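Asks: Residues per chain are reported as follows:
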Amino acid sequence: MDAESGYRELENIARRAVETLQAVETLEDLEHLRIEFLGRSGSIARLFQELRELDSSERPAFGKRLNEVKKEIESRLEAREQELQSRLEGLRMSRESIDITLPGRSEKLGRKHLITRIIEEIEDIFIGMGYQLQEGPEVETDYYNFEALNTPEWHPAKSLADTFYVEADGAKSTALLRTHTSPVQIRVMESRKPPLFIVSPGKAYRRDVPDASHTPMFHQVEGFAVDRHITLGDLKGTLELFCHEIFGAEREVRFRPHFFPFTEPSAEVDVSCGICEGSGCRLCKQTGWLEILGAGMIDPNVFGYVGYDPDEYSGFAFGVGVERIAALKYRIPDIRILLEQDFRFLQSI
Amino acid sequence: MRVPLSWLRDYVDIDIPAEELADRLENTGTAVESIVRTGRELQNILAGLLLECSPHPRADRLKLCRVDVGGRVADIVCGAPNAAAGMKVAVAVPGAVLPGGRRIERAEMMGVTSEGMLLSGAELGVNDDTAGILELPAEVAPGEDIPSYLGLADEVLELEITPNRPDCLSMIGVAREVAAILGLLLSQPLPRIEEETLPEITELATVQIDDPDLCSRYTARMIRGVTIGPSPLWMQTRLRAAGVRPISNVVDITNYVMLECGQPLHAFDARRIHEGHIIVRRAKPGERMVTLDGATRELDPEMLLITDPAGPIALAGVMGGEDSEVADDTTDVLLESAHFKPTSIMRVSRMLGLTSEASRRFERGSDPSGTAWAADRAIELMRAYAGGQILKGTLDARPRVIEPARLGLRVQRASRLLGVELDASTAADLLESIDIRITETAEEGGDSVLHAIVPTFRPDLEREIDLVEEVARLYGYSRIPSTLPASRGRYGGLNQEQRELRSIKRLLEAAGLFEVVTYGFTAERVLERLKPGMARGEPDVVRLRNPVSDDMAVMRTTLLPGLLSVLDYNLRRRNTELGIFEVGRVFFPRKGRDLPEEPLKLGCAMGGFWAQKQWDREAREVDFYTIKGIVEVLLERLNIKGWELLKAQSPWLHPGKSAAVTVHGALLGEFGELKPGIAEAFEVKPNTQVLEFDAAALLAVAEHLPEFREIGRYPAVRRDIALVMDEGIAQAEVDKVIRKAGGSLLREIGMFDLYRGEQVGKGKKSMAFTLTYFSEDRTLEEAEISQVESAILDALERELSISVRS
Ligand SMILES: [Zn+2]
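First to last, the protein sequences are chains A and B.
First residue of the first sequence? That's 1 in my numbering, and the numbers climb one at a time after it.
First residue of the second sequence? That's 1 in my numbering, and the numbers climb one at a time after it.
Hints are computed from structural coordinates only; laboratory data are not their basis.
Quantities reported herein were computed from a predicted structural model and do not represent experimental measurements.
Take these hints with a grain of salt, some might be off.
[Said to hold, decoys possible] Which chain B residues stay away from chain A? Per the calculated CB distances, all over 12 angstroms, these:
#, residue
1, R61
2, R245
3, I738
[As the list claims (entries may be wrong)] Straight-line C-alpha distance at most 25 angstroms; calculated BS3-like pairs for lysine-lysine:
#, chain 1, residue 1, chain 2, residue 2
4, B, K764, B, K740
5, A, K158, B, K341
6, B, K736, B, K657
7, B, K531, B, K685
8, A, K108, A, K158
9, A, K108, B, K341
10, A, K108, B, K685
11, B, K641, B, K736
12, B, K613, A, K108
13, B, K531, B, K675
[As the list claims (entries may be wrong)] Ranges between beta-carbon positions, derived for each pair:
#, chain 1, residue 1, chain 2, residue 2, range
14, A, Q85, B, Q612, 43 to 49 angstroms
15, B, L484, A, E120, 20 to 26 angstroms
16, A, S94, B, T772, 52 to 58 angstroms
17, B, S503, A, K329, 23 to 29 angstroms
18, B, Q612, A, E31, 54 to 60 angstroms
Just so you know, even glycine gets a beta-carbon here, dropped at the ideal spot from N, CA and C.
Only chain B is shown next, with the shape it has when bound in the complex (with noise of 0.2 angstroms):
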């Protein structure tokens, strides 16, 4: 909502700087985006009568000027061929800067010094005339200042209107705001309808409302005899600095009326109505009517139409019918002032995609007291403005009266719950301020209850909330003490699954990897190149409706697209050494609910090179032990005990380079690396590894608080033994040997070689173990230890046929 300063002066004598209101008015509830300067640059621009106008002596479209600009003669010379003798005009003097900063001086044109110039419309920037001068009305004086006279030079405030506040998409509005803040009188015009001819307007047009849910009242007006032409200069600067084009005369007034008060208006040409008689009623299964946009529209009985006996002649509310716009030549003119349902202007403006200046008010709550008001300002402004005869009387249909609210204030408990003691007459005074009436203060409950009496056009008001809102906002927030809450025996912290996601983030942080965060949705086809089918004509993804794009069509049911991508992207900028993580719900629907399965994931993925090659060090290739790696720290700090690594079950994942890990049957995620074709088809790395958990069954067999051993204070005894086996024995199936055969003594097996190669034949490899031995008890004996050991390389020899190497 724009609303220019020298406006609102109209109705409230403000008596401080646009920076200082605009302060107060956000105090109060009331945003201001910007504070917008006009015509601050604007110099020697004054008013001018035409005294003579003669040819050019060397050009024939030129005309010298004598124009008196107050107390001297300007020669001036002048193109414009509508400039003639006793003109008033509007005249850019020597020095004179125009709209945009063009500056004016004397000049030579074809042999004649002009002294300035004589301006059209467009060069001042009061409309868009280019084709001759601006004519000035008859009382203005020569040498005013034009700029001030025509109100160019303004303060225009930039509102943000709240939804809940319809009164303030007003002049008044906005000024009953101003006045209460600043507890000035608000001064609101009053429309003297002096000149009323016969006939009545009853013997020329009826009001029926057929549906008086959806349309409470209809006031209507008639003025005959007008003539449309453009609206008075004022009116126009100002629907120009409200930010409204000027079009003609009689739609002038309907939309200055309404940006004063709020009230929508629509003119009709009164000929256009048949039989003089309007119908407010909703449309007709399959009727049709063309909109003055030109549009045909296929209406709906959700919608209400304005009508006359031949059908309809506009969509309430929303925009009128072509058939019956004012014109040119229109001369007679029914103005509707009307008051309609919200929400239904709302739900017919979104299904014809149609929203007006009128139709944003209807929404919202308009005043459905205000609607004579209206008419008789507008009328009366018509018959100033485009001459005619105002008919006799007033059409006003009023089937259903919305009478003001009744609401009580309790005063304490309005205290109490600001947090601030407020007194019984400082809540009144508030109140009042904005024009809700205390008809009594009352003791009831042990509290003092103000009875107030709503105004019409405050349809927000409707509960004790309401009230206790405002008057908050006008005792100004600011004024409220800051406390805090009282405790009441509570405590604040962390569950014990929110301290372990956090730890889990932060080990990763620690073993290398940046956490991502991704969209919740991708495409459809993504998902269908990671696992071929699963989305298609399955019910085993959440689709979107509404999709911005088909890469946001679905929610991911994996992490993977999200991580991909990243990879993706990253290494399109050169980016290398990619090891990233995501925490995040993946989504699958769940037969006959609602609402879908929101699993939390935890997803890992790196390619290319883990570490480049430094100054001391080779590079570091990715690979499938490189995520292993990851995997075990995790399991090792969350002290999962008992995991297994079976065959991973994921179509994504190189079925030779993967694993599933389970926990006692219990799948906690896979990893791996990716299928070569996946990894093409996302292009990421070739050597690209993902890994995707189960966050809740990571979780559930996390070992929260780990049994703590004694260690014994006896040193440890290390042993390394080298051994030669078949190439197809896997390195789990050996240590598995070691352990059972280790038994209690064995602490720990760490591998530290693994060799293929001609000193241990085709077909064989060498793994190399440290064997770690301690006891809690004892300083373990060298023929202890050896007794082990024989009976570690006997189990080995017996169950896997493995040696010893040589």
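Isolated chain A, as found in the complex (with noise of 0.2 angstroms):
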């Protein structure tokens, strides 16, 4: 062989591995390829052996270029041989393919009340300006529901057609449904000394007939903060931001001054209307504004009840209606399906 033929037919051998090893279309086939190209007989073997033919000066470069040859066809049986095997595995696998719409097998998940878990929205924003929990009893004395709260004796929210009364035994009782969670200020202040931030949640009691906003049984958090110096300003800002929480920063927060028992200065709490967005809806019955929460300072004559000095302490005080908050929340027209029960409810919401 001289070594122009060489070239001639190693460049030939080049061209022709190209042109199969793309035409080429299975492993089998493919297999025969690399035994013809590559095999101990095969056509590059052949010319390393007529390599020793050359000329001793011109071996070295032809030895380079049969070399370069031989790993271009090895790389490009490499190549081929992985697209076949994906190309068999992507044929395989389709074959093995199901219907992905079937539903998926799981456990039964159940879920928390909705109730509860406002609640627990709710105590967790106080817990993160620094509130504690403490519960309190459903069934309360008129001292801790009313008179220690600064309700007169007359106040028509005592009469028997308000408030639940729990039957004595034998003596007589003033024991009652507390008809607020507010009565757990009063415990807290008893037993402990300023500082206190405190959210109370619970069940209250008032003997109303059951409509869109009433149940005779509704759920309250009491919240309330009692220090040196605090200020109806204090009331303002932590109110603003428990809003800003539950509804979103983008609402509006207003203080109306309003009239409670057991606060003074006292305010009613507005969000602005969240569907008209304060121009006025049904929701909101034209004013813009919903109603959330009442709140005010804690009354001079409830911290004489609990042997506090007005003139030292100051502190705030709030109550939210949970069902109030889910209904404005969730958008609920009518808080009695809170109470219901019904699964096709309890699994929606």
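Assemble the dimeric complex from its two separately framed chains, guided by the hints.
Replies: Encoded structure:
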């Protein structure tokens, strides 16, 4: 073999390898090609045999080229093999494919009641502001529910038409179902000294005729803060933050002066209506505002009952209606559904 | 309180739209429930002078009327019997719109064209009179716009007045607020009694107050020769707009003045007062009277009466007596304007179930200084609109003068409480704007103290804090900067019990149960059904004195009533796969204590299918082991060790399919299947399972901080064994023997099969277990495990006659 025909053949092999490797469609045929080009008696091996026949001055260059072609064929073979392998796997997997739209397998999952979740949400907001949780009894005395909260003896809320009273065991009892969670204020202040930052969730009872916004049992979260230098401004800041956390930072919050026996000054707190954004709609009765809660500075008389000096300490208190928050946040038109326990409701929200 | 703006404008020049006024009122503490606009639809209703009235040629009952409607004459057919020439009338000309949107056009009436219609009081909406057309006062000029003349087009603010503000139950009181807020002047009418005639009132009437505590002041005036008839239209219109039904001139005037200034008034027929002598006293035991609603009232010494020497003539401040009320033939009126003790009026009105506009005002506190003004104002109006002659002088019994309160306001202290820097003159200006007099500003104890005299129409202002509130609301809450309380080393968070309760709820929701929230009260018969004898006659249930219904009459002693009613409720709505839980209190009376015990309970209930059949799975029905699984999950996650199952005691549980869970003798709770009779009675599925645990007991034995145990890095070895035993042997017995014999290398026992049938023979059963062995310090050898295993099998054979299943 002379160098010229040697080169010619080598380039022929290289070209043929590119063409045939491109055309080969099965792993079997590919194996045949490997043997044909790279086998012990394949075309490359044959040229290595013939290399010895070349003039020694031409051998290194040809040898170098021969090795290049060999490597090229090897890498092409490998690439083609991978291609064919993965095509094969793809075919196999496509035969294995299943109906992915069939329902999955899972264990049943229950849910905490919406009321519980809202209570926990409220608790967590105040915990974040440094409050602790304290619960109180649902059956209370007149003293804790009314008297120590500065509610006069003749107050209409105390009537048999508004408050549930408990039958006495012979003697005259003043026990009643608490009408709000505020008695916890008194119980805590009686037993501890400021600073006090407390939230108290729980059930309360009023002798209301059930309607879209009243049920004879409901849930409230009472909150209060007592320390030196607590201000009405602190109450505002605290409740603004609360409203923004619950309803979103874009909602406006306003404080309207109001009257409650156990706070003074007192306020009712509104947030701007989320449906009409303040322009007026049915939900907000065209006012653009939704009443959220009642609050105020703890009345000095209340401090009197627990032996705090109102010139040393001041504090604020507020009561949040959980059902009211649920109704507004989730747009539930009738809160009675919260106590109906229909599974379709429990599962949906 | 309904406040027509047109009326309010009598006292203050409101120069802003109603909406803005409402906003300003809201922001200073007077809630506005709504703004009602009346009469806006009214159009083309004019005053007319009836020039001529002639009979209709073809209909007897109709008249042809020629009416001057200002500059032109309209021919109108009218059927009213009272239509007569010379009358001033209200005319709906073609194109008119009446109240309710009714339109009036030119119409043909029995062959004659009618250019509109003459209106009755009812058609115009000023009274209920449908018998004839409305006669207008002679002063009105033809062509005048009737809606504006009668004040029919108005804006009415519906105000929510808080119980501390009796002064705002009047137009002048609201006007005072408005004037203060808008920085305007309040102009209060000055009653001028110009014509008094002899005799002196003292010659005809006397007042004696026997109980100065309940009645501090009794003012009276008299007028003779009045003619009872309708009150003027403008007054009727205002009363209606304020929500009061017009009755007659004298009665309407008492109501009108009450609405105007807040002082309730009562008009007596003077001839019915024996000897003209009024005695204000408490009722005597057994005394009775007939009130003007016709009811005979049993009186009580708690009640204050207005009496004459013959007996009661009115329930003071609450309701007049039938005998002494003003009637159509009344000519002489004695007008009462008194001040009564608020709590007394409240008590009496509660006792009798009677409330009125007057009692509402008295019980919140009327102005003891305002009685004479009100009496003068009313008597003046009576003379003007009912005729007659005002007797000379006023009776004014005033055994006890209620002085204006004198209060101090420490301005810096107020600033500190509000969180805004106020100076003394700002605070003083705000207080003076609502007629609180500041007599002096003094430097005392490092603070500027305002010395204030509070007018008697503000009985709610008794303490310094009340003035602070007035300053704050008039200054505007919105101007007080929002801040957060300074932190004084406090931290927030849940305590351990609160955290664990939350995690129990989380666990149960992950276990597939839905939380429910049910009423704390239930029906006595429901408790009785669950536990016969529990509620009957025994003082072991908390009963309500005033339940709304029998279904909510006692406090629950178990969560079951609520849980079972939720299952029942959902079954009726075809909801299935019901698994629920509740965490709530139950109530037990405590002997000799006011308040009951309120243990917190955790309850679950489930029935029917746990899971319906699915495409790849068979349906799973609830049974004892479903609820037991919940119990086990709970005990495991709370790290409660060494629990035991004993026989349950709850009378509602199936004795063969239930258990009590105890730890070292302490009962945590009970669970299992309902007794068939109970399930039936509550209309739930026969396979219903329930659970009730005591939360405190559960948390008391929970290991909050489980101990760390080395697990080692050597692999575990698992071996299965299948055993045959007598039917009567419980799994726990087998488990116990295996555990004991297995020693320290045996770490876990899992049961994977339970078989009964031919292969093991009658009266026998087979259980198969996977036993897991491992050691912390070595890989276990085959021989070691076999040794333990044969020890286990020997023990089983020896102690329970259990053999290996071949
Ligand atoms: Zn809205």
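Asks: Look at each hint and say if it fits the structure.
Replies: The hints, checked one at a time:
no., hint, result
1, R61, "holds, 47 angstroms"
2, R245, "holds, 25 angstroms"
3, I738, "holds, 29 angstroms"
4, B:K764 / B:K740, "holds, 24 angstroms"
5, A:K158 / B:K341, "holds, 20 angstroms"
6, B:K736 / B:K657, "holds, 21 angstroms"
7, B:K531 / B:K685, "holds, 19 angstroms"
8, A:K108 / A:K158, "violated, 46 angstroms"
9, A:K108 / B:K341, "violated, 65 angstroms"
10, A:K108 / B:K685, "holds, 20 angstroms"
11, B:K641 / B:K736, "holds, 15 angstroms"
12, B:K613 / A:K108, "holds, 13 angstroms"
13, B:K531 / B:K675, "holds, 12 angstroms"
14, A:Q85 / B:Q612: 43 to 49 angstroms, "holds, 45 angstroms"
15, B:L484 / A:E120: 20 to 26 angstroms, "holds, 22 angstroms"
16, A:S94 / B:T772: 52 to 58 angstroms, "violated, 42 angstroms"
17, B:S503 / A:K329: 23 to 29 angstroms, "holds, 25 angstroms"
18, B:Q612 / A:E31: 54 to 60 angstroms, "holds, 55 angstroms"
Checked against the numbered hints above, the structure violates hints 8, 9 and 16; every other hint is satisfied.
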